[in-house]
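A.B. asks: So you can see what is in the structure, the chains are spelled out below.
Protein chains: 2
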Amino acid sequence: MTVDARPSDSVESSGFRSVTAATGQPEGGAFAVHGPADVAAACAAAEAAFDVYRATDRETRAAFLERIADEVVAIGDDLIVAAMRESGLPRARLEGERGRTVGQLRLFANVVRAGQWLGLRIDPALPERQPLPRPDLRMRMIPLGPVAVFGASNFPLAFSTAGGDTASALAAGCPVVVKGHPAHPETGALVAAAISRAVAASGLPAGVFAHLVGPGNDLGAALVQDPNIAAVGFTGSRGGGLALMKLAQARPVPIPVYAEMSSINPVLLLPEALKARGAALAAAYVGSLTMGAGQFCTNPGLVLAIDGEGLDAFVTAATGGVGEADAQVMLTTGIQAAYEKGAAALAGGAGVETLARGKAGNGSTQGQAALFQTTAEAFLADKALGHEVFGASSIIVRCRDEAELRSVLAGLEGQLTATLHMDDGDAAVASCVLPLLERKVGRILANGWPTGVEVCHAMVHGGPFPATSDARTTSVGSLAIDRFLRPVSYQNLAGALLPAELRDDARGDGVPRLVDGVLSAN
Amino acid sequence: MTVDARPSDSVESSGFRSVTAATGQPEGGAFAVHGPADVAAACAAAEAAFDVYRATDRETRAAFLERIADEVVAIGDDLIVAAMRESGLPRARLEGERGRTVGQLRLFANVVRAGQWLGLRIDPALPERQPLPRPDLRMRMIPLGPVAVFGASNFPLAFSTAGGDTASALAAGCPVVVKGHPAHPETGALVAAAISRAVAASGLPAGVFAHLVGPGNDLGAALVQDPNIAAVGFTGSRGGGLALMKLAQARPVPIPVYAEMSSINPVLLLPEALKARGAALAAAYVGSLTMGAGQFCTNPGLVLAIDGEGLDAFVTAATGGVGEADAQVMLTTGIQAAYEKGAAALAGGAGVETLARGKAGNGSTQGQAALFQTTAEAFLADKALGHEVFGASSIIVRCRDEAELRSVLAGLEGQLTATLHMDDGDAAVASCVLPLLERKVGRILANGWPTGVEVCHAMVHGGPFPATSDARTTSVGSLAIDRFLRPVSYQNLAGALLPAELRDDARGDGVPRLVDGVLSAN
Chain H
1 MTVDARPSDS VESSGFRSVT AATGQPEGGA FAVHGPADVA AACAAAEAAF
51 DVYRATDRET RAAFLERIAD EVVAIGDDLI VAAMRESGLP RARLEGERGR
101 TVGQLRLFAN VVRAGQWLGL RIDPALPERQ PLPRPDLRMR MIPLGPVAVF
151 GASNFPLAFS TAGGDTASAL AAGCPVVVKG HPAHPETGAL VAAAISRAVA
201 ASGLPAGVFA HLVGPGNDLG AALVQDPNIA AVGFTGSRGG GLALMKLAQA
251 RPVPIPVYAE MSSINPVLLL PEALKARGAA LAAAYVGSLT MGAGQFCTNP
301 GLVLAIDGEG LDAFVTAATG GVGEADAQVM LTTGIQAAYE KGAAALAGGA
351 GVETLARGKA GNGSTQGQAA LFQTTAEAFL ADKALGHEVF GASSIIVRCR
401 DEAELRSVLA GLEGQLTATL HMDDGDAAVA SCVLPLLERK VGRILANGWP
451 TGVEVCHAMV HGGPFPATSD ARTTSVGSLA IDRFLRPVSY QNLAGALLPA
501 ELRDDARGDG VPRLVDGVLS AN
Chain P
1 MTVDARPSDS VESSGFRSVT AATGQPEGGA FAVHGPADVA AACAAAEAAF
51 DVYRATDRET RAAFLERIAD EVVAIGDDLI VAAMRESGLP RARLEGERGR
101 TVGQLRLFAN VVRAGQWLGL RIDPALPERQ PLPRPDLRMR MIPLGPVAVF
151 GASNFPLAFS TAGGDTASAL AAGCPVVVKG HPAHPETGAL VAAAISRAVA
201 ASGLPAGVFA HLVGPGNDLG AALVQDPNIA AVGFTGSRGG GLALMKLAQA
251 RPVPIPVYAE MSSINPVLLL PEALKARGAA LAAAYVGSLT MGAGQFCTNP
301 GLVLAIDGEG LDAFVTAATG GVGEADAQVM LTTGIQAAYE KGAAALAGGA
351 GVETLARGKA GNGSTQGQAA LFQTTAEAFL ADKALGHEVF GASSIIVRCR
401 DEAELRSVLA GLEGQLTATL HMDDGDAAVA SCVLPLLERK VGRILANGWP
451 TGVEVCHAMV HGGPFPATSD ARTTSVGSLA IDRFLRPVSY QNLAGALLPA
501 ELRDDARGDG VPRLVDGVLS AN
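Going line by line, the protein sequences match chains H and P.
The numbering of the first sequence is my numbering, which starts it at 1 and goes up by one.
The numbering of the second sequence is my numbering, which starts it at 1 and goes up by one.
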């Protein structure tokens, strides 16, 4: 549902305005600030809608997701224009992001249809078994309940109102209450209205979806604490994610929080690759680093390599590339300020050399790329050098040898990704570090850059803490649906009372089942 | 590994003795009390063993689990005798529990072999895709790391040292550090030695398994806080589980806790069933309630029914049955004292009538069954009437009508199970309450009793908080392995560097794969 855009009983009821990223100035009309009463109403409506929504058949739910995709497309260029203004991101990027957003909804529609997420398991009765007969047991996954989704600033479409968290929660059968990101209220309102049109057109209860907005943190806190909320999806800062985790754990009934928080995405340049194509790697690295003003969760913020001529050539080329990088509009002035503060802190770190800064920006809205280097020893001595600086900042850590490189890796916090640049001659080193990388990250790439995150079945956009709050999950790709499901077992229930997909006559419906431990694909 | 049974640097280093349940008196020699240094050593050894253990092929790991089963069987009657003495449970029950324990290990051996837990997903590269090519992405599940398992007192074999948590964690590829339950140190030591023999016979690093014992809570706290521990399995009290959850969340790196804590397992007697066989239901109910002195997580602690002659007949018969129930030795004097305190609190509750107490026991070691009744109104007015009393205590809640019955259900906390006793004529009522039950419990049974928990593929022994700390999981049945796994994605990794099961030449190995979203069963 779209909560009425009237001022609410919140203390911050005076409305807030959408800010144009490039100027840092408010523009256009004011948006209502939703308060505690709006949160309670939206969550109660979500709870009231839950049993109806979760009972929808797979085709109805899939068609609903596709309808959302269609409605988002139908907004047309207004959506791109609004997102450009509010995020400062360029048209091509946002058009691509819209494609990803609707592609994601359509992927989940097909996931819903395929039904693997139902996790069907059937252990038929064994009435003659000794010493005791076995009862008939059947299991399926059911949705957790209403989900709170926090829109992210850096993907105003794909990780926001109709982003991956919303798509996967709706696919699972959970109503969604979005806390829209205050950096793009106009974009969010357009998308929320599209979702609400899809809800209505699909004949679903309005409570299946709600969109709440406001500039402060109180709104999100109230949402996570609402007793009707059963799980939380969040993409944002480490501080924000940790705060939500704490709130969720302190509830009378704790709930899972899927927070994607912090990652510097180590890139390992192995010796043979570095020798063969150091300069080319540097050019690609600078491209990945500065794309979208570096505002990616998977931005390559850390480069690890062993000292030598190859690394020298890489550093020289990367230094030149970053030095020529244009300043870029960042998402908000707050993010720009935090970026500059983080870059300054890195620059002042013991043993850290500033290799390059990009071209100067206009001060408060544009970010200036930054490249640093240090030694493994200095990096290991100061944990702060391994903290994420959200934006186009990266640090190259020079290691004396493979052992030192492994020490740096072993000392890292959990990450979303790790990248290996390697040639055939690097295979032995790569084999040696792979088990270590598996312990630290959710995705391991070879000879690519981490900033592209494919939306598919085999993607893991997740990883050990603090990359995320729950390494057992991914927030991108079809496995993301599993975050919002839990198993229920039915023992000796008469066929007519069983969920349709667990009845004997449902066999052959194309949904995989584990029957007595043997998997049948349909 | 079996940590040396020498006194350690713990402050509680004076040793502790095994207590005979029937007498409440210590008997036999003293057991070492493990302290902080033992915890650190065991967890460091587990971490050191992890990469070797997780790299074992499926057959090696499966054979290891089967070897543990064989070694447990090979202990022979000494194990049963020790467990009888320490737990007070009868021989037949413990022989059955041993069968379940080794059956569970063998089930997980076959689960490991079948490989579905690997969650293999392959999205092949699409080099020609527009606007951007798709990289090759492959996913598998890997184990989380060393797991701390807390043995439970009420199943000294099946939920303890070599119980379901240990079996599923080892199956996942995680080393295990058990905190043995101090109520059965002799039983625990026999089983731990059997596991360590299996570790050695399988050529695995000793750190794959450790067993720590001691009478206090410090040991468990240190274990959960150890930086090498990646997850926790626990079956026990609500207070104990909540304390571990808090410790785990407060770590620098929070870890998942799978705590099974508290459940009163509502049994609904629907009108037609009650009319047709109220007395027979009462006899079976008393049997389920008093079996094993009522010391089951799935004990039927709450009966819900609509007022009428059928319920009157049930109550009369159940009152008679409980009144004739013999007192039974409980697991520990502490549990017996807590049981009597809980039963006394229920007896003193506003609007609660004591229908029957079983035959008197010997005071400090035997529990005396207890049956209470109250009205829905009184039950709804006092949350404490819905708290678990661990032992053979149950309360019958008389509802005026179906609406009141639904109100009572809606007000319940999360539970492991809910049971429907019903005849054909009850189908409409059953259909109406099923969605509510699904929200509250992990397993729904018809016309049975919740105290039997089948170890199979479709079992859910779990449920919403506070039944467990994580409703997304089960602690019994083959799905329990998923608790200790997380996904890792490999992008464009050369075949030789990929895990064996993700290589192209592994196709046809019998392990299910999702290829481009299509499931193949092998």
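Please keep in mind that the hints were generated in silico from the structure rather than gathered at the bench.
These numbers were taken from a predicted model, which means no experiment stands behind them.
Mixed in with the good hints, there may be bad ones.
Because identical chains share one entry, a pair is satisfied inside a single copy or across any pair of copies.
Capping the alpha-carbon separation at 25 Å, the derived lysine to any residue pairs in SDA-like fashion look like this [to be verified]:
(1) LYS359 to ARG54
(2) LYS383 to ARG251
(3) LYS246 to GLY517
(4) LYS359 to LEU190
(5) LYS275 to GLY495
(6) LYS359 to GLY508
(7) LYS275 to LEU497
(8) LYS246 to ALA221
(9) LYS246 to GLU413
(10) LYS359 to LEU502
A.B. asks: Are the hints correct? Go through all of them and say.
C.D. replies: Each hint, compared with the structure:
1. LYS359 to ARG54: neither (53 Å within a copy, 49 Å between copies)
2. LYS383 to ARG251: between (32 Å within a copy, 17 Å between copies)
3. LYS246 to GLY517: The answer is neither: 39 Å in one copy and 36 Å across copies each exceed 25 Å.
4. LYS359 to LEU190: neither (35 Å within a copy, 70 Å between copies)
5. LYS275 to GLY495: between (67 Å within a copy, 23 Å between copies)
6. LYS359 to GLY508: Answer is neither: 62 Å inside a copy and 55 Å across each miss the 25 Å cutoff.
7. LYS275 to LEU497: Only across copies: LYS275 and LEU497 sit 21 Å apart there, 67 Å inside one copy, limit 25 Å.
8. LYS246 to ALA221: both (10 Å within a copy, 20 Å between copies)
9. LYS246 to GLU413: both (20 Å within a copy, 22 Å between copies)
10. LYS359 to LEU502: The answer is neither: 62 Å in one copy and 45 Å across copies each exceed 25 Å.
When each numbered hint is compared with the structure, violations occur for hints 1, 3, 4, 6, 10.
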